[in-house]
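A.B. asks: Can you make the complete structure from the sequences, with help from the hints?
Number of protein chains: 2
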Amino acid sequence: MVGKPLIAGIVAEFNPLHSGHASLIRKVREAGCDAVVVVMSGNFVQRGEPALFYKWPRARAALACGADLVLELPLPWAAAGAERFALGAVSILSALGCVGALAFGSENGDAAGLQRAAKAVCSPALRPLLRKKLASGIPFAAAREDAVRELFGGETADLLREPNNILGIEYCKALDRLGSPMRPLAFLRSGSPHDAGGAPDEGEFASSSQIRELILNGRPFSRLVPPEAGEIYRREMDAGRAPALLKRAETAVLAKMRCMSRGDFRSLPDVSEGLENRIYESARAAVSLEDLYARIKSKRYPLARVRRIVLSAFLGLTADFPRLPPYLRLLGFSEKGRRILNTAKKTASLPIAANVSDILSLDKTADNVFELENRATDLYSLCTPCAEPCGLEMTCACWERKYLFGYSDKRNKL
Amino acid sequence: MVGKPLIAGIVAEFNPLHSGHASLIRKVREAGCDAVVVVMSGNFVQRGEPALFYKWPRARAALACGADLVLELPLPWAAAGAERFALGAVSILSALGCVGALAFGSENGDAAGLQRAAKAVCSPALRPLLRKKLASGIPFAAAREDAVRELFGGETADLLREPNNILGIEYCKALDRLGSPMRPLAFLRSGSPHDAGGAPDEGEFASSSQIRELILNGRPFSRLVPPEAGEIYRREMDAGRAPALLKRAETAVLAKMRCMSRGDFRSLPDVSEGLENRIYESARAAVSLEDLYARIKSKRYPLARVRRIVLSAFLGLTADFPRLPPYLRLLGFSEKGRRILNTAKKTASLPIAANVSDILSLDKTADNVFELENRATDLYSLCTPCAEPCGLEMTCACWERKYLFGYSDKRNKL
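Chain order of the listed sequences is A and B. When the letters of the first sequence are read in order and numbered with numbering that gives the first Met the number 0, they come out as residues 0 to 413. When the letters of the second sequence are read in order and numbered with numbering that gives the first Met the number 0, they come out as residues 0 to 413.
Simulated from the structure, these hints should not be mistaken for lab results. Among the hints, a few may not be true.
Claimed, not checked - Computed footprint of chain A on chain B; a stretch qualifies when at least three of its residues, placed anywhere within it, have a C-beta under 8 Å from a C-beta of chain A:
1. 238-250
2. 254-267
3. 278-291
4. 381-389
Claimed, not checked - Partial chain A-side listing against chain B, Cβ under 10 Å, derived:
5. 248
6. 250
7. 251
8. 255
9. 258
10. 284
11. 286
12. 315
13. 377
14. 387
15. 388
16. 390
What the hints assert, rightly or not - To list a few chain B residues with every Cβ distance to chain A over 10 Å, as calculated:
17. 121
18. 135
19. 225
20. 234
21. 353
22. 356
23. 366
Even glycine gets a Cβ: it sits at the ideal position worked out from N, Cα and C.
C.D. replies: Structure below.
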């Protein structure tokens with residue numbers, strides 16, 4: 000690669016960051032990228048649950064494993080379905096104005112193919128066929144794959160079968176929709192498949208879900224994460240701040256939902272077609288979280304979507320948030336990250352928020368999103384072994400977290 | 000006693016009903032009363048916590064121990080301070096229109112003295128002196144006692160020192176305020192003092208709080224309650240429906256309060272003088288229920304009041320409810336109770352609600368109170384070892400509870 004040093008962006012949850020993630024960051028650098036910017040979900044993640052660790056130590060782990068700058072994907076996008084999740088995350092990288100490539104792992108490792116698939120699934124020609132397939136009663140994913148197969152051939156359709164390819168396709172769609180000049184860089188994903196259970200094969204990277212399972216069962220997991228990250232996770236667990244589990248706030252979720260009306264459920268993101276009635280009846284009948292999920296879930300409404308809806312109800316997240324994130328919230332940065340931020344001051348199309356006062360000076364939309372983030376963190380804390388007081392978001396600048404998260408980088412100050 | 004058979008009313012929580020309660024019912028009958036009507040708190044009680052047992056088995060225990068008719072004291076009065084609690088309860092007995100006496104246990108056992116004390120504490124002459132005492136910073140109870148002592152003498156003032164006398168005085172005040180023709184019948188209270196901890200003395204009745212302590216610690220308590228009641232309690236515990244504990248819904252209470260604004264706290268019953276700020280700050284700092292209570296509590300705001308305020312926040316009980324209960328809700332009755340109900344159909348000044356449809360046909364005020372009761376029961380259930388689905392209130396008629404509470408009295412049907 001020649002010309003200006005290339006900055007690459009990565010979208011991540013790091014729940015938790017594992018050796019496969021660290022390997023992707025290394026590969027991105029080996030491919031000639033000079034710096035890595037990460038957009039990371041906050042305290043709640045896409046599967047509709049709290050992340051195992053607070054976002055601040057997770058950002059810290061990312062920096063320790065090679066990231067230069069970590070920005071937060073605000074809750075309304077972090078806890079959304081793949082399309083909205085990808086659009087929000089890509090828009091943040093794009094808004095920095097100095098990120099040249101969007102890097103991600105996928106099962107095929109070929110960006111051109113994913114871009115073709117993105118065009119296919121967005122093609123107007125697909126819509127009538129997709130509608131026909133859906134009417135026959137098969138689930139959305141299968142209907143879409145079938146329709147793409149008929150219109151665009153098996154090679155493209157096959158890409159719609161693997162979770163990381165699908166996410167890659169969403170990234171390509173987002174780049175298109177945003178008219179972003181960032182180019183996609185797909186890396187061949189190695190290791191256990193996304194969301195795989197059980198133990199990883201010898202010599203393979205474990206998936207985040209495998210590591211979560213080990214952590215939640217109190218089993219050793221250190222060999223599966225980079226030592227720098229493992230140390231941070233261990234400190235969090237020793238301090239009683241992790242692992243966070245929605246189960247700990249079970250009566251809080253049930254109580255909240257027992258007090259909600261059909262209308263309240265109708266105003267949640269991703270709730271339509273009378274689903275509010277199914278949720279309302281389920282919330283009134285359910286006596287546990289598992290019971291609640293099981294009652295709402297169906298062929299049409301898969302578990303992940305159900306979990307996100309329940310989480311939205313608990314956190315008070317409604318459907319009336321803006322299309323794109325209104326600010327760039329800093330979670331942490333390296334020395335090189337600081338230089339990127341200096342560049343971004345000139346290139347960014349969104350305000351960069353290093354601390355609370357930066358957000359409070361913005362508009363109503365930013366206020367609303369930040370207020371939601373505040374509440375989410377106050378409730379997140381009730382999911383951890385030892386709850387923290389409210390207001391962690393209000394003292395959020397990464398260099399102010401010495402007391403709570405055991406580190407303080409004065410030099411990390413802007 | 001001569002003339003018409005006298006029906007006596009008793010105000011009770013029966014949390015749980017113990018041998019002292021059963022003895023009071025017997026004494027009331029021995030004093031010549033022909034029947035006993037009980038006004039009983041619902042699922043939540045005056046100390047701002049869930050009752051150990053659902054209201055339906057508690058009503059059942061009351062019937063098994065000599066009560067003829069059990070009516071519910073709705074939540075806004077059951078979970079209120081002594082004055083409002085007494086006013087609501089006495090108004091229900093009074094509204095039946097056929098109850099001649101209000102019976103209660105007190106430390107002095109002399110209704111005339113308590114009536115004198117009631118007049119004293121309501122006397123307009125007391126107000127300026129009380130205000131002066133309060134201004135010096137002493138707590139309300141001490142200030143009032145001092146002021147009564149100065150104006151009305153030590154004998155009357157001393158009555159304000161004992162909890163059951165104080166409640167008796169509130170009953171007398173309520174009778175006065177309602178212009179009720181019921182006459183107070185004070186019985187000498189025997190056994191452990193109200194709210195006493197530890198074990199009762201040999202041969203003495205245990206207090207409800209002593210029995211609650213035993214039950215919560217999984218210790219034997221049968222000898223302290225009438226066998227008929229003990230059997231009902233045991234069945235409830237075996238079924239996982241008891242004992243109910245607010246601690247089980249701890250994250251639900253904390254989560255609810257973490258989402259409330261200062262304004263929300265200001266609209267709670269019993270919150271004024273800027274107390275909402277103290278509660279708001281406490282709710283944001285507290286990491287457990289005990290921590291929450293300890294932060295709000297002060298010399299001026301005793302624990303019981305703090306507990307009631309926290310409970311109100313949790314249940315969504317605000318200060319804008321009516322002065323008096325809008326209906327007479329049946330929890331259970333004996334054959335004699337059924338005859339009283341037949342009389343009451345002619346004499347009652349409030350509608351008698353035997354089941355949900357009776358309430359739903361009433362006005363907006365009744366609707367609001369009942370909706371609140373519904374939600375409270377749906378949340379109460381989350382405080383029990385095995386939560387029940389929502390809607391228990393909707394199938395509330397006492398003869399319909401066979402499935403849930405293990406009994407069915409077809410003959411109990413109106």
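A.B. asks: Next, verify each hint and record whether it holds.
C.D. replies: Evaluated hints:
Three residues within the 8 Å Cβ limit are the bar, and the segment 238-250 of chain B against chain A gives 4, so the coverage statement holds. Under the rule that three or more residues need a Cβ within less than 8 Å of chain A, the assignment of the segment 254-267 of chain B holds, with 4 such residues. Residue count for the segment 278-291 of chain B with a Cβ under 8 Å from a Cβ of chain A: 6. That meets the three needed, and the coverage hint holds. Counting residues of the segment 381-389 of chain B whose CB lies closer than 8 Å to any CB of chain A gives 6, so the stated coverage by that chain holds, three being the minimum.
Taking 10 Å as the C-beta cut-off, the interface hint given for residue 248 of chain A holds, the closest approach to chain B being about 4 Å. For residue 250 of chain A, the suggested interface contact is upheld, since its CB lies about 4 Å from the closest CB of chain B, less than 10 Å. Look at residue 251 of chain A: its Cβ gets to within about 4 Å of chain B, closer than 10 Å, so that hint holds up. With a cut of 10 Å, the hint placing residue 255 of chain A at the interface with chain B holds, because the nearest CB-to-CB distance is about 7 Å.
Annotation: residue 258 of chain A was flagged as interfacial toward chain B, and the flag holds, the nearest CB pair being 6 Å apart, inside 10 Å. Among the interface hints, the one on residue 284 of chain A holds; its C-beta lies about 5 Å from the nearest C-beta in chain B, closer than the 10 Å criterion. Residue-level restraint check for residue 286 of chain A holds (minimum Cβ-Cβ distance to chain B is 4 Å; threshold 10 Å). Among the interface hints, the one on residue 315 of chain A holds; its C-beta lies about 7 Å from the nearest C-beta in chain B, closer than the 10 Å criterion.
Hint on residue 377 of chain A holds. Least Cβ distance to chain B is approximately 5 Å, under the 10 Å limit. Annotation: interface hint on residue 387 of chain A holds; nearest CB of chain B at approximately 7 Å, less than 10 Å. About 5 Å separates the beta-carbon of residue 388 of chain A from the nearest beta-carbon of chain B, less than 10 Å, and the hint is met. About 6 Å separates the beta-carbon of residue 390 of chain A from the nearest beta-carbon of chain B, less than 10 Å, and the hint is met.
Interface exclusion of residue 121 of chain B from chain A stands, the closest Cβ pair being 39 Å apart, more than 10 Å. In this structure residue 135 of chain B is separated from chain A by more than 10 Å, as the shortest Cβ-Cβ distance comes to about 35 Å. With a closest Cβ-Cβ approach of about 32 Å to chain A, residue 225 of chain B is found to remain outside the 10 Å limit, as its non-interface label requires. For residue 234 of chain B, the requirement that its beta carbon stay farther than 10 Å from each beta carbon of chain A is met, with the minimum near 19 Å.
Every C-beta of chain A lies more than 10 Å from that of residue 353 of chain B, the closest at about 24 Å, which supports listing it as non-interface. Non-interface call for residue 356 of chain B relative to chain A: holds, since the shortest CB-CB distance, roughly 19 Å, exceeds 10 Å. The Cβ of residue 366 of chain B sits about 15 Å from the closest Cβ of chain A, beyond the 10 Å cut-off, so the non-interface label holds.
Hint compliance for this structure: every hint is met.
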